[in-house]
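Undergrad: Each chain, letter by letter, is given below.
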Amino acid sequence: MKQSKLTLGIVAIAFITLTTVSCKDSKTENTTHSEMSADDDNSKMNHDGEDMEMAMSGNGSSQTVLNDYFSLKDALVADDNAKAKGLGATLATTLGKLDISKYTDTQKADLKDIIEDAVEHAEHISESDIAHQREHFKVLSKDITDMVAITGTENTLYQQFCPMYDSGSSWLSMSEDIKNPYYGSKMLTCGKVQKEIN
Amino acid sequence: MKIVKIIAIILLVALVGIQFIPTTRNQSDSVPSTDFMLINNVPENIKKKLQVSCYDCHSYNTQYPWYNKVQPIAWFMEDHIKKGKKELNFSEWADYSNRRKKSKLKSIISQIEDGKMPIASYTLIHGDARLSESDKELIMDWFLKLKDSL
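Protein chains in written order, with the numbering used here: chain A, 73 to 270; chain B, 14 to 163.
Hints are computed from structural coordinates only; laboratory data are not their basis.
For glycine and all other residues, C-beta sits at the position ideal for the given N, C-alpha and C.
Each hint should be verified, as a subset may be incorrect.
[Unchecked claim] Computed from the model, here is a short list of chain B residues facing chain A with C-beta under 10 Å: (1) R113; (2) S116; (3) K119.
Work out the full structure: start from the sequences and follow the hints.
TA: Here it is in C-alpha cells:
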C-alpha cells in the first residue's frame, strides 16, 4: 500500500514537472511574440517619421551610418570599451535600416554584401573586450569605406592609415588630425592621412 | 532527515522528468553542395582536423557523443551548436559573399591563433579536437592562403 502511494507520488511529481516546464516554454514563446510585435510598432513609428527625417539625412541614410561609425571610432580612440559596446549595437541597427532602394542593381548587391558583413562586425563589437573590438573595427572600416565609395558623403572624409596595427590598418575620420582608434592613448598619433574622400 | 529525503526524491524525479523534453538534433544524411570541403580543395590532413575540431558546432552535422541524449547536457550542447552555426557554418560556405568569406577566414585565423577555438568546454571532453602548436600553424597557414586567394 505504502509502495503504491510512493509510486503514485512520483508519477504525480513527474507530471507536474513536465507540465511546469512545458508551461514555461510556451510562456517564453509568448514573451518573444509580444516583444516582436513591440518591435514592429517601433519600426512602424520610425517609418512614419522617415520621410521627414530623410530630407535631413536621418534614418536610413548613409550619413547616419557614417555618424554612428565616427562615434564608435571616437569611443575606441578614448579606450572606452563600454561606450564602444553601446555604439556598436547602435551602428548595427542603423546599418540594418540603410535604404538602398535608390541604387542600381549592382550597387544594391554590393551594398547588401557590405551591410551584411558590417552588421556582423558591429554586433561583435557590441559584446567584446576592447582588443577584440579593434580587430573587428578594422574590417568594419573597410566595409564602411567601400560603402562610401558607392553612397558618397556630404562631408570631406580622411582615410587614415596606421602601419603598425595588424600589419597596416586604415580607418575613416572627419578630421585631418590623426587620432588612432587601434591604439588609443597608447599611441594616439600613430598614422598618416592616406586619402581624402569628397 | 525526512525533508532531505523528500527533496532528494523531487530532484531525482525532476531529473527523470526533463529527460522527456525533446531537443533538436543537428544531423543530416547528406553533405550540402555548399559545404566548405566541396567548394575548396582542402588537403586531406587539414580536412580531418577541421572535421574533428570544428564541424561538430560549425556545420549541419554533429558527431554526437553517447551522452548527448542525457539532459541537461543535451540542452547545453544544443545551445552551443546553435550559437556556433550562427557565427560560422561550414555547411553554408558557398552562400557567403566573398567579403564575408574573407571576414570569416580572418576570424577563424585569429580565434585559432589566440587559442579561443576550439572552445575549452569542448576540448575538455573531446581530447582529439585539441590542436597542437604545429596543427595550429598548419591550419592557419592554409587558411591565410585561402583568404589571400579570394
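Undergrad: Now tell me, hint by hint, if it's right for this structure.
TA: Taking the hints in turn, this is what the structure says about them:
1. Interface restraint check: R113 of chain B against chain A, minimum CB-CB distance 5 Å, threshold 10 Å, status holds.
2. Because the closest C-beta pair between S116 of chain B and chain A is about 5 Å apart, less than 10 Å, the hint holds.
3. Against a cut-off of 10 Å between C-beta atoms, the interface hint on K119 of chain B holds, since the closest Cβ of chain A lies about 6 Å away.
Of the numbered hints given earlier, the model fails none.
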